[in-house]
Amino acid sequence: MIQLEQLTWKVAGRTILEDVTVAIPANTYAVLMGSTGCGKTTLLEILCGLRHPTSGRMLLDGVDVTHLEPRERGIGYVPQDLALFPGLRVREQIGFAPKLRGVPPEELNQRVDRLAEQFGITPLLNRLPDMLSGGEKQRVALARALAAQPKLLLLDEPLSALDESMRAEAVSLLQRVQSEHTLTVLHVTHSSSEAAMLGQMHLRMSAGRLEVESKA
Amino acid sequence: MRLNRSNLCWLVLALITAAYLLFWALLLGATASYSTPESWLKVLMSPEIRHATWLSLVTCSLAAGFALLLAVPVGYLMSRREFRGKSWLDAALDIPIILPPLVVGLCLLIFFQTRIGKLIELAIPFTYQVSGVVLAQFVVAAAFAIRTMRGTFQHLSARPEDVALTLGCTRFQALWHVALPAARRGMVAAFCIAWARSLGEFGPILVFAGATRMKTEVLPTTVWLELSVGNLEAAVAVSLFMVLLAVLVLVVVRATGEKV
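Just so you know, the protein sequences line up as chains A and B, in that order. Here the working numbering is used: position 10 in the first sequence is 10, and no number is missing along the way. Here the working numbering is used: position 112 in the second sequence is 112, and no number is missing along the way.
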């Protein structure tokens, strides 16, 4: 369960997010829509701790995480540009979080192999990001986020770089990932068809305010 | 091709560029043709100049290494954080670039006459020492290395570092595991630019470390010493050797994709 209570973010006298209040139940696929520049990405960045709200608080499974560092929150984040690490091979990208947490090499390799198999990227494990297509990069970014075993996954327009034929495949992959990993997902998108296919809960942001359009 | 006004404009600009390059080619050609390769070799093999060459290579490498160690954190800070007074700090970091070289040497000399300077010299003597050569080179080279690293980090997206933070990194770990591997070409460029700048450093070294043969004499000092006794042939040989080193550095920097 993720609860946002009156989250507000102001910068240089401008209010970007205003009194954002919502509760997303555990294991729900929530979809957030809204026009460009309305504050969707800012909200995701506040949720994962990259920005600090001016006021309000955020609870994850009942625990107040508002003032925790991003690494302490257990939230996975896949930004719009996917942000793969330049110079690291796919195996190192996926193994990044487990390695940081001191997972023994054998277990780390098993975890990477399992995720690579699940995402169909086993043949790409030794490739660098520059040698991957848009769809492959998206799968690697998702696998990398899931390797950290997050409770909540934040996806910022993850399908925007994919063409129409790959999008349907990616949608079913996201549905499968959410159910297999029993995740709460908050997915930002501009596409109403994407929202209709994936969303169990529909949210809309407008001028920094959040409305719940339909509940799970 | 018809010579319209636009083409004429480009032609004039190309001629100006060519004239400038020709001027440089004539300068270097005249210097190179002043003496023969045999006499260059003879000069470069003399014990004093071999010592100066060796000392230059060592001190430039040390100064560039220290400059890079400073440039990475400062460049990262300046490219990633917004804070009050940043534009002032930015300008202050460029002071060694605009300061006359002799003034830098004089500042060093005076600083090491103060109480703090004397205390430092109790641990490591700098004035008129080889370590002073390194410090004089470092002071100016660091400003160039910082400028290069700041540009490198500014060109790299901060997003991967943000993602690394959510994956469990501290800010230091994100810098170490994500930003630095991505910035390695910029680091090579920063080291090379600092090295080349150190190689050409003369004024601060002369004032602060002196020009003692077989002790604090580096290649630019050699050119000056040889010129001062009228040995133009030796000055030319050393100058050409420095040109060769500078060209090599330029090639390495260009290979990294950075610009000097």
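No lab work stands behind these hints, which were simulated from the structure alone. Where a beta carbon is used, it is the ideal one built from N, C-alpha and C, also for glycine. Warning: the hint list may mix true and false statements.
Stated by the list, open to error - Quick list of simulated restraints, FRET-style, between CB atoms:
1) B:Ala-123 / A:Pro-123: 25 to 35 Å
2) B:Ala-92 / A:Glu-69: 24 to 34 Å
3) A:Val-11 / B:Leu-28: 52 to 62 Å
We went through each hint and held it up to the structure:
1. B:Ala-123 / A:Pro-123: 25 to 35 Å: violated, 58 Å
2. B:Ala-92 / A:Glu-69: 24 to 34 Å: holds, 31 Å
3. A:Val-11 / B:Leu-28: 52 to 62 Å: holds, 54 Å
Hint 1 from the earlier list is the only one contradicted by this structure; the remaining hints agree with it.
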